[in-house]
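Colleague: Below are the chains, spelled out letter by letter.
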Amino acid sequence: MCEWQRKVSVYLDGMLAPDEIAAVIAHLKVCDECRKAMTEWQQIRRQFLMESLPTSPAMIAATLERLEREGAFRTSNLRSQIQRLDLWFTRLDIAFRAAMAVAVLVTLLLANSAAPVLRARDAFQAKIQQAIRLIPLIHSNESEQVNRR
Amino acid sequence: MLERCRKGDERAWAEIVNRYWGLAFRVAYRILRHKEEAEDAVQDAFVQVYLALRNFRHQSQFRTWFYRIVVNCALARLPPSPVESLDESQEIELVERAHEDPESVVLAHERSQLLDWAIQQLPPDWRTVFVLRELEGLSYAEIAEVLGIPIGTVESRLFRARQRLRQLLKPLLSDG
Numbered sequence: 001m002c003e004w005q006r007k008v009s010v011y012l013d014g015m016l017a018p019d020e021i022a023a024v025i026a027h028l029k030v031c032d033e034c035r036k037a038m039t040e041w042q043q044i045r046r047q048f049l050m051e052s053l054p055t056s057p058a059m060i061a062a063t064l065e066r067l068e069r070e071g072a073f074r075t076s077n078l079r080s081q082i083q084r085l086d087l088w089f090t091r092l093d094i095a096f097r098a099a100m101a102v103a104v105l106v107t108l109l110l111a112n113s114a115a116p117v118l119r120a121r122d123a124f125q126a127k128i129q130q131a132i133r134l135i136p137l138i139h140s141n142e143s144e145q146v147n148r149r
Numbered sequence: 001m002l003e004r005c006r007k008g009d010e011r012a013w014a015e016i017v018n019r020y021w022g023l024a025f026r027v028a029y030r031i032l033r034h035k036e037e038a039e040d041a042v043q044d045a046f047v048q049v050y051l052a053l054r055n056f057r058h059q060s061q062f063r064t065w066f067y068r069i070v071v072n073c074a075l076a077r078l079p080p081s082p083v084e085s086l087d088e089s090q091e092i093e094l095v096e097r098a099h100e101d102p103e104s105v106v107l108a109h110e111r112s113q114l115l116d117w118a119i120q121q122l123p124p125d126w127r128t129v130f131v132l133r134e135l136e137g138l139s140y141a142e143i144a145e146v147l148g149i150p151i152g153t154v155e156s157r158l159f160r161a162r163q164r165l166r167q168l169l170k171p172l173l174s175d176g
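Residue numbers (my numbering), protein chains in the order written: chain A, 1 to 149; chain B, 1 to 176.
Just chain B, with the same shape it has in the complex:
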C-alpha cells in the first residue's frame, strides 16, 4: 500500500488516511487539547508522511514512524505557555465543587475542563509520554523509539506525569 501511495494512487491514500486518521487525531487532540489545532496537526502529519514517504525504508514499523510524525506535528503547534489554562478562581471553584460530590456535582463538561487544565500543567515531554503509554497503550520500548529517548527516561517521565496528575486531580479521585 505504501508503494502505491508513493506512486500517487488516490485509493491507497484514501485507505491510509481512513486507517490512521483516528489514531492521529487521538494523539494530537490529547496532546493539544484543542479541536481545530489537532485537526491541523493531523493534516500536517499526513503531508509530512507524503513528503517523507520516499525516504521511509521499513527500518521501523510504519505505525511507530507515523506516531513520531504526529507527535512532532502536535508539539510544533503547542503554544510556548498554556494559553487556555484556568485562572486561579476558576480552578478553586472546580476543585471545590468536585470535592463536594465528584460523581454528581461535577458535570461531564466540568470534568473535561478539569482534565484539560490538569494535562496542560504537565510539561510537553511528560504529557507526550503519558498520552502514548496510558491512552495509546504503547510499550516503553515503542515510546522510546517514537521519541528517540532511552527507556529509562520514558519510565521516569511517565512516573512524574502520573504523580503530578494525582496531585492535580485529587478531588476527582477522593471518592475512590
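Isolated chain A, as found in the complex:
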C-alpha cells in the first residue's frame, strides 16, 4: 500500500492543511494506486447514500407518544379542547342519526296504522262515485214513465 493513502483520505475530506494539499495533488497525478483508492472510497460513499431508509410518519407519532408516556409534556389545553369539541360533535352526530332513524320508524308505523282508514275512505269515495253515476239513469227512467202515462 502506498504510504500517501492516509493523506489522500484526509485530502478527500477537505481536512488537509493548506501546505500539504499541493503535495497530495502532485502525488495523485503520478500514483495510480492512490487515485484508484480515492475513486473507490467515493464510490462506496455513493453506494451507501443511494440507499433508501425504511421510515414512515407513524414512527414520528410513536416517538411523540413515547415522550408523552415518559411525562415530557402534558396534552395541551388547545388539544384537549379540540378533543372535547370532537367528542361533542361525535355525540351530536349520533343523536342526529338516532333522531332520523326514529322519524323514519314513526313514519312507517303511521303509514301502516292509517292504511284501514285510507281503505275505508277510498271505498266510501268509490260508493259516492257509483251513486253519482246512477243519478242520470234514475232520472231517465222516471221521464220514460211520465211519457207513457
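I should point out that these hints are in silico values taken from the structure, not numbers from a laboratory.
All C-beta atoms, glycine included, are put in the ideal place defined by N, C-alpha and C.
Some hints could be false.
Incomplete in silico selection of chain B near chain A, CB under 8 Å [to be verified]:
#1 8
#2 18
#3 135
#4 140
#5 158
Just so you have them, the derived chain A footprint on chain B, three or more residues with Cβ under 8 Å [to be verified]:
#6 19-27
#7 37-49
The hints should help you fit chain B onto chain A, whose structure is shown.
Modeller: Relative to chain A, chain B alone:
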C-alpha cells in the same frame, strides 16, 4: 425552543421531534442496519434528551449533543457480535454474482444486503466514525466532540474503515 421543551410545551416537543427525527433515524439505522432496533434507539434518544435537557447548558451545540445521544443509544442496542451476517456460502454467492455484472445482475436488494453485511464487519468504533463522516458529513472536529476522542483517532478510524470496506465491497467497485 429548548426552554419551552423544559417547561413541558407539547408544541415545542413536536417541533424538536419533527426537526431532528430524520437525522436520528439516519444515524441509528446506519449503525444498526435494523429498522425496528433503529426506531427504538431513536425513541430512547429523545427520552434521553428529555431527561438530560435540564443539564444541557449550551456549552456545545444542540446538534452535536444530540448526535452523541443518538450514537450512544444506537451503540447500546448493537448486539455483541453480528447476528445477521451472511454465512460463508451466501457471501460467496453474492460476491460472485456482483463480480459477474455489478450493474445489472446484482439487484438493489442484494446490493443493500451486501452493504449491510460489509458495514457489519466493521468494529462499532470504525462504523460510527464512517457513518458520521461519510454519510452525515460531520467534520473531524465535530466527530471528535461527538465521540469524545482526539481528531487523530477520528482520522485513523475513518481511514481503516474505508480500507476495510474497499476490500469487502471490491466486487461492487470493480466496474469503476
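Colleague: Work down the list of hints and note, for each, if the structure agrees.
Modeller: Hints, one by one, checked against the model:
For the restraint placing residue 8 of chain B at the interface with chain A, the shortest Cβ-Cβ distance is roughly 5 Å, inside the 8 Å limit, so the hint holds. Here the hint on residue 18 of chain B is kept, as its CB sits about 7 Å from the closest CB of chain A, short of 8 Å. Checking residue 135 of chain B against chain A: minimum C-beta separation of about 6 Å stays under 8 Å; hint holds. The restraint placing residue 140 of chain B at the interface with chain A holds, with a minimum CB-CB distance near 5 Å, inside the 8 Å limit.
Using the Cβ-Cβ criterion of 8 Å, the hint placing residue 158 of chain B at the interface with chain A is satisfied: the shortest such distance is roughly 7 Å. For the segment 19-27 of chain B, the assignment as covered by chain A holds, since 4 residues bring a beta-carbon within under 8 Å of that chain's beta-carbons and 3 suffice. Residues of the segment 37-49 of chain B with a Cβ under 8 Å from some Cβ of chain A number 5, which satisfies the need for three, so the listed coverage holds.
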